[in-house]
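One line per chain: the protein sequences are A and B, in this order. Every letter in the first sequence is one number past the one before it in this note's numbering, and letter 140, counting from 1, is 172. Every letter in the second sequence is one number past the one before it in this note's numbering, and letter 414, counting from 1, is 446.
A few of these clues could be false.
It does not matter which identical chain is used: a pair holds within one copy or between any two.
Unchecked claim - In silico DSS-like pairs for lysine-lysine, Cα to Cα no more than 25 Å straight-line:
#, residue 1, residue 2
1, Lys109, Lys418
2, Lys414, Lys356
3, Lys414, Lys554
4, Lys118, Lys489
5, Lys414, Lys486
These are calculated hints, taken from the structure and not from any lab test.
Protein chains: 2
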Amino acid sequence: MQVAVKAKVDEAAVCCPNANCLPYNVGNAVSFRAKPLFSSHLAGSTGDTEALGAWGYQDSYFVLNVKSDGSKYAMMKGARYSISGKPLTGLVNFVEEELDVVIDPNGHTFPACDELRNIPESNLGSEGEAELAALLGDEDSRISVEPVERARHGTGHTQEDMYDLRTGLIRFRLPDAVVWPRDEGEIEALVSLAIHKTWCLIPFGGGTNVTHSTHCPKKAIDPRPMISVDMKLMNRVLWVNEEDGLAHVEAGITGAELIQSMEKLGFTIGHEPDSYEFSTLGGWIATKASGMKQNKYGNIEDIVKEVNVVGAKGLMSHKHKMEKTSVGRSSIGIDLKSLMLGSEGCFGVITSAVIKIWPLAESRSYESVLLPNFDAGLRYVKDLSKMRAMKPASVRLLDNDQFRLGQALKESPSGLQLLRNLVSKKVGCYMGNISEKYIVCATITFEGTSDEVKIQKKLVRELASVHGGILAGSQVGKAGYDLTFAIAYLRDFALNFNILGESFETFAPWSKLTQVVEATKKRIHSEHKSRALPGVPFVCCRITQLYDDGVCIYFYFCMQMSGVAEPSDVFSMIERSARQEILDNGGSLSHHHGLGKLRSSFVPQIYSQGYMDSVVAVKEALDPNNTFGARNGIFQ
Amino acid sequence: MQVAVKAKVDEAAVCCPNANCLPYNVGNAVSFRAKPLFSSHLAGSTGDTEALGAWGYQDSYFVLNVKSDGSKYAMMKGARYSISGKPLTGLVNFVEEELDVVIDPNGHTFPACDELRNIPESNLGSEGEAELAALLGDEDSRISVEPVERARHGTGHTQEDMYDLRTGLIRFRLPDAVVWPRDEGEIEALVSLAIHKTWCLIPFGGGTNVTHSTHCPKKAIDPRPMISVDMKLMNRVLWVNEEDGLAHVEAGITGAELIQSMEKLGFTIGHEPDSYEFSTLGGWIATKASGMKQNKYGNIEDIVKEVNVVGAKGLMSHKHKMEKTSVGRSSIGIDLKSLMLGSEGCFGVITSAVIKIWPLAESRSYESVLLPNFDAGLRYVKDLSKMRAMKPASVRLLDNDQFRLGQALKESPSGLQLLRNLVSKKVGCYMGNISEKYIVCATITFEGTSDEVKIQKKLVRELASVHGGILAGSQVGKAGYDLTFAIAYLRDFALNFNILGESFETFAPWSKLTQVVEATKKRIHSEHKSRALPGVPFVCCRITQLYDDGVCIYFYFCMQMSGVAEPSDVFSMIERSARQEILDNGGSLSHHHGLGKLRSSFVPQIYSQGYMDSVVAVKEALDPNNTFGARNGIFQ
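Turn these sequences into a full structure, and let the hints guide you.
Right under this line is the structure:
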């Protein structure tokens, strides 16, 4: 079944999903301009602002254009990404074919929200506001009860969040106020005040969560005033110890700021989650984040050496911090740092951390390998995983659908055509069974000394040939890595045409990997079918992190929801079914996104009663008044 | 000042420190034979038994012999170690010279304990004993209230422990009973019973701790009956998943048993703490252990994927365990596994763990490098640390004193003479400033694929030449690694001659490393001098683990204490001073031994009040009746 979707189009700036862009802001009752998310404390701050109700920077978004001959092409606005400003002639066709829909440039079916509705007054009260003002007391306003701020701070980046912000009808409870503390002392004072006033504090980093972790608990569950503690002003690098390879950094710093400030000194943290432009150090710790280069640099638990947290019992910290180094690997009793990793704001406000820094890699390069099918791809990356510590910094395996999506995001003439030439040329020589329908692609990033990179490249290439792979070169490899950041903007573009999309991830052991991928895809298709939804669902995945015992699988899926009642809820239900399928087949509840409120109801399936009771007991012990009552994870 | 020390000597079996050997057992009122520490559950179990009141196996210990010409030599009995059964002609001279003492073969000044004294009756009572018997209820006795068992289970391997066991006068409170549970179900029942009866449970693994962690709290602090829970019968490998490289293993398995059972399947865990012959998986987790090959295989936190713990709130576990795999790297809320690492028995009984296993290395070899002095050695190992993930599995740097001690433990003609030849031959060519007085040695173990080992060897050798090093070959390298296990027996030998010894360790960041080593050595000398103790203290160290941000330093020190009142206490005070010096200079409270009760009083120096309060709150929450009341770490 093909479904016609209407979209208003003109060559100038159309179908822009960013709420700050035309046409959404024209005549709006409420300005959607969020408080600038980059402060000026750090030299080099760009003053860039983030969009509200859409992923990413305000200046970057996809638009649909129509040529004089009636053909449609997409384009990413702005100049931040490698594909920005280039006509993407394959994208619209790809979407139409894969989802079995027609993108109609003359219609625009998704609501163009022009105001936030249904936002109740702040529950904080003028007395509370005055007390906060006295605490933070200064000229520039660091307290807000504005609906726009509250909307931004009470949401993250789930499909549901974006849907609500785009419709302007927010169905979640929002915080009553937002504060921007400037140092650890202010946070200590804030926590004391909150305990005294029986307020609830919800720490806020980059707001990139996809778990509802920044949603406020329903009033029926917790009627207290909720205050979002935005950490963005705490973005200073407190010290750097080059000899020990350590830095002490405030928790509100974004990945972009941190990377920039370290690069100036000749260092890197090596931590690049897809969200690093916006997500923060404190958020990474609270969520137990993972970066794309974890093969080399480790995950956040390997990067963070110590954490300062202001909890209900005061500041939890190591005392020697002022000496500008760390206790390193130590066996010194109960490890509260590890307890904070994955705590999702429930134990306190993470104020700073001592992190590991690496000298900038001497050499960086890319490679890509085409393989006949997903199974061959899995065998290939499994062999790469056996390189253990010598694995390339990033190895990602795109399944056939995701690979073709990536090709559709290339400037015309499409990358796919170039690849066709490449494959057909090489296939003739040594491979008879390769087909565009099954082909998959591994994109590889190398970082290290020249010697390391050389050795790794050699192995990567040798193994490719073992598994029937064709080297597709560094350009495809680099494009694959970079595309991660641009691809995140696609969902908002698709929503213009009533296409809802979401990503979700899991860890799967090698022994369950094929099973998890196949069952999850199948389940989404069957859920879609059983509801008689329009079109065909598009589900694709990539393997993003390799471990000795398994991998992270990152799924994208989207569906055309025109004419479907409560589309966001229906979509959510299908996502939940997919998660259940993952669990049933041996995948984990989350590799790096965390639980938040979105996945907390699955917890009894994965932990024993004694485990859950113990976690609740720890929470009650550390935070007896539930001051940090975001109710993420098990605490809902 | 030279001090004459007397020791009884004969060629047959003399000065044997092992309480189970002649002459100690002759006519003993109490047999020192401990319950066999290896059970027969695992095929290949050797039935070897551990000594009591001395390190290691009963058949392995040093003796002093006198030749017909009156010259003295040492020998290690048994056949377990590379030096066993060989005349060590240099050792006695080395000790005499370094400590400025004379070892007199005609005297034996240290008490030859022939009974345990001062051991009060078990406080458990016959009713309690009967209830335990009903719980474990079977033919073979798995409950004991015998003084010998209680003495073994209430001690570890500190200098104080060994001193007390050797004198037979135990000054610590011992457990009232020892039980040997056989499975997780029994432990759950035991914990329930203990809560009901208000008993205190103290988990016991290999009993190799050097922190007083298995000492019972004084009666004035806690009058409850104390029950030691010996895990040795829980030593089964529950499953192995070769594809994911995982095994689920009961916590009472010793390193030796685990290594043996994995090797049969073609795997290794790669975890080799100095104590691995006796220490257990559960003990490693509780202590947050580190192994000698951590460069390659990681520390226990990298090896353990999941932990089953029976706490006061029941069994804490992941539910999917029966599917024979693990959740892998995941972000699924509060991580109780990490909380158990370093918990030192205070949260429950660790019953099993899912651990990572590696295919046996394709290639293993050794190298050693002589360097002109300690500073050059540090620069060398720092450069090796920059190999990061490609570092050899083990790199250890012996300072001059420890290197010479190692040479004194070689069969005559001494290894030192061979090295003299080597050095003098090479020095002539390119190095003018090398001297036996300052020379240090790096011993290196390689494990990996043939390619990895080849690359690593090349780098190790290139860097050696950069730092003025001389390659001393694989034999010295292997001997250095193996010596670790034999050297542990030296302390008991020395005690025969009233020489008290101890080892202790710390993590020091690179930026504080030289400072920590120098200040610690200096402090021991000054403490020794200020007390006008006999002879000269011997203090040496080695660097044992390399990290990006620093190293583990492992110190040995010993002193002749003839004629000193309360020698064990005096020695302890000096050790405490050394620890304070370490902290004052930027070292950590412990790299891998843990806190136990020995180091708990230092804790307020390293954590904020909020940190300590939080830890205590977590303890009270997880174990409200303090059923696991060993009072290790912060809880004393």
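Comparing the hints with the structure gives:
1. In the homo-oligomer, the alpha carbons of Lys109 and Lys418 never lie at most 25 Å apart, since the shortest distance is 41 Å inside one protomer and 43 Å across protomers.
2. Taking the shortest alpha-carbon separations for Lys414 and Lys356, only the inter-copy value of 19 Å comes in at or below 25 Å, while the best intra-copy value is 40 Å.
3. Taking identical chains as interchangeable, the C-alpha atoms of Lys414 and Lys554 lie at most 25 Å apart only when both belong to the same chain, with a minimum of 24 Å there against 52 Å between chains.
4. When the C-alpha separation of Lys118 and Lys489 is checked against a cutoff of 25 Å, the pair qualifies neither within a copy, at 31 Å, nor between copies, at 50 Å.
5. In this assembly of identical chains, Lys414 and Lys486 lie within 25 Å of each other by CA distance both inside one copy and across copies; the values are 20 Å within and 23 Å between.
Consistency note: the structure conflicts with the earlier hints numbered 1 and 4.
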